[in-house]
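Undergrad: If you want the building blocks of each chain, they are given just below.
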Amino acid sequence: MYQVIGGIISPVNDGYRKQDLVAAHHRVAMARLALQTSDWVQVDPWESEQVQWMETVKVLRHHHSELLRSLPQTEGQDHGRACSVAPTAVPELKLLCGADVLKTFQTPNLWKDAHIQEIVEKFGVVCVSRTGHNPKEYISGSPILRRYQHNIHLVREPVQNELSSTYIRRALSQGHSVKYLLPDAVISYIKDHNLYTRDSSWKGSSTQRNEGKTD
Amino acid sequence: MENSEKTEVVLLACGSFNPITNMHLRLFELAKDYMNETGKYRVIKGIISPVGDAYKKKGLISAHHRVIMAELATKNSEWVEVDTWESLQKEWVETAKVLRHHQEKLEAGSCDHQQDSPMLGKPGQKRKWVEQRQDFSQKKLLEPKPKDVPKVKLLCGADLLESFAVPNLWKSEDITQIVEDYGLICITRAGNDAQKFIYESDALWKHRNNIHLVNEWITNDISSTKIRRALRRGQSIRYLVPDLVQEYIEKHDLYSCESEEKNVGVILAPLQRMYKSLNL
Chain A
1 MYQVIGGIIS PVNDGYRKQD LVAAHHRVAM ARLALQTSDW VQVDPWESEQ VQWMETVKVL
61 RHHHSELLRS LPQTEGQDHG RACSVAPTAV PELKLLCGAD VLKTFQTPNL WKDAHIQEIV
121 EKFGVVCVSR TGHNPKEYIS GSPILRRYQH NIHLVREPVQ NELSSTYIRR ALSQGHSVKY
181 LLPDAVISYI KDHNLYTRDS SWKGSSTQRN EGKTD
Chain B
1 MENSEKTEVV LLACGSFNPI TNMHLRLFEL AKDYMNETGK YRVIKGIISP VGDAYKKKGL
61 ISAHHRVIMA ELATKNSEWV EVDTWESLQK EWVETAKVLR HHQEKLEAGS CDHQQDSPML
121 GKPGQKRKWV EQRQDFSQKK LLEPKPKDVP KVKLLCGADL LESFAVPNLW KSEDITQIVE
181 DYGLICITRA GNDAQKFIYE SDALWKHRNN IHLVNEWITN DISSTKIRRA LRRGQSIRYL
241 VPDLVQEYIE KHDLYSCESE EKNVGVILAP LQRMYKSLNL
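Those sequence lines, one after another, are chains A and B.
For the first sequence, position 62 (counting from the first letter as 1) is numbered 62 according to UniProt numbering, and the numbering increases by one without interruption.
For the second sequence, position 164 (counting from the first letter as 1) is numbered 164 according to UniProt numbering, and the numbering increases by one without interruption.
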């Protein structure tokens, strides 16, 4: 039914001000290193380079229009029609996230209802399971999500993996090895730039967030 | 404690490594951090010892490939390496014997390198052990103090610990020898279950000081069985095994429905040996 043709990692803007968030240029660089060997997933720094933090739906809109712009236009068969691509050829852009993000849709005032609706209606969500989360429950508990549940694809992860950035940061600040949890190139980068050490942790305040974000 | 007072430890992991995964590699890292943090030990080396083909486990592909994959996986490790001795033996070798082999090798090596710590060398270099002559009698005069010889300990997950309870799989004297003469470092996320298991076994309880339970706070469920299953189903195993291993598997088309049928109907070597000794 679907053919996945690309993956985009979009690191959040520094303006998000999440606790322990290191500078965007580092997070982008690390993602780039991690994806060096991937032939289909890439990093897009656009979101991180904006002047301020922006809502997820705006990021989706941006990337979707970029996708449309990059499509090959039909050559000038002059039937008097404007050049256009058949609707079925337009790739769909879906939000990929963990079940923890789906849960944050419930948090009061974190997401605008209109945005949630646009995300599940116009784009679609691919949600990967996570220990301690029950995404089916989150869907059934929300009218908007229920209505568009055909557009929310739940992915069961056969290999349970509780790895999280929070765990990584804690391990690093305690001087523990994170080898084989992160690509070697990312570990070297963290070491070279002295990121996530005991001194650098707990910087940044836990200011109120406007939307839930995965680690 | 001064470095010189610490017991030097070599971590030995036995297993099928069919294929080796990031979880196997994590065992080493977790064990090393734990042992070093006790302040009593200094982990100097890790050894991966893939089991020989004579083990006859279902789905076990040839040792040749399993060894190469383990070598690819440890290419970028400064302290973990692969040892092929066990895999090259014609008959299956009990784990206790593998431990003994490596301990004796260390003791023989120590004689020649009394002044040197085995870990000396620039980072990134692994010391390759020189093969020693079998005849140790001449070495007696040079025998180092016991504390100077690094100690081999068996590194494993909870599944191995609990396999001690499987009837006829292990000789009870081997279990005793492993925990008495060597020691066990067991990485587990179900610490309480493992403790209970030790409590319920007289042999393990007696040597509980030599059994180190290391908590794996994050579940990392990357078993080789799941990897093989994913491969049979055409699913991606990227980021579950080192890239080089994934490429090697793909290049040689190693795991399939056919390969999983290998040794079906054949009795596992340790069980076979036990039945033979019991004249069954």
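Simulated from the structure, these hints should not be mistaken for lab results.
These numbers were taken from a predicted model, which means no experiment stands behind them.
Just so it is clear, CB atoms sit at the ideal spot from N, CA and C, and this is done for glycine as well.
Any given hint could turn out to be false.
Among chain A residues calculated to face chain B with C-beta under 8 Å, some are [to be verified]: (1) Asn-109; (2) Asp-113; (3) Phe-123; (4) Gly-132; (5) Leu-163; (6) His-176; (7) Tyr-189; (8) Asp-192.
Undergrad: Compare the structure with each hint and give your call.
TA: Now the hints, each set against the structure:
1. Hint on Asn-109(A) is violated. Least Cβ distance to chain B is approximately 31 Å, over the 8 Å limit.
2. Annotation: interface hint on Asp-113(A) violated; nearest CB of chain B at approximately 34 Å, more than 8 Å.
3. At its closest, the beta carbon of Phe-123(A) sits 23 Å from a beta carbon of chain B; the interface hint therefore is violated under the 8 Å criterion.
4. Checking Gly-132(A) against chain B: minimum C-beta separation of about 11 Å lies over 8 Å; hint violated.
5. For Leu-163(A), the shortest C-beta to C-beta distance to chain B is roughly 6 Å, which falls under 8 Å, so the interface hint holds.
6. The interface hint given for His-176(A) holds, since its Cβ lies 5 Å from the closest Cβ of chain B, which is under the 8 Å cut-off.
7. With 8 Å as the threshold, the beta carbon of Tyr-189(A) stays out of range of chain B, its nearest partner Cβ sitting at about 15 Å, so the hint is violated.
8. This hint is violated: Asp-192(A) has a C-beta 15 Å from the nearest C-beta of chain B, more than the 8 Å allowed.
Consistency with the previously given hints fails for numbers 1, 2, 3, 4, 7 and 8, ordered from lowest to highest.
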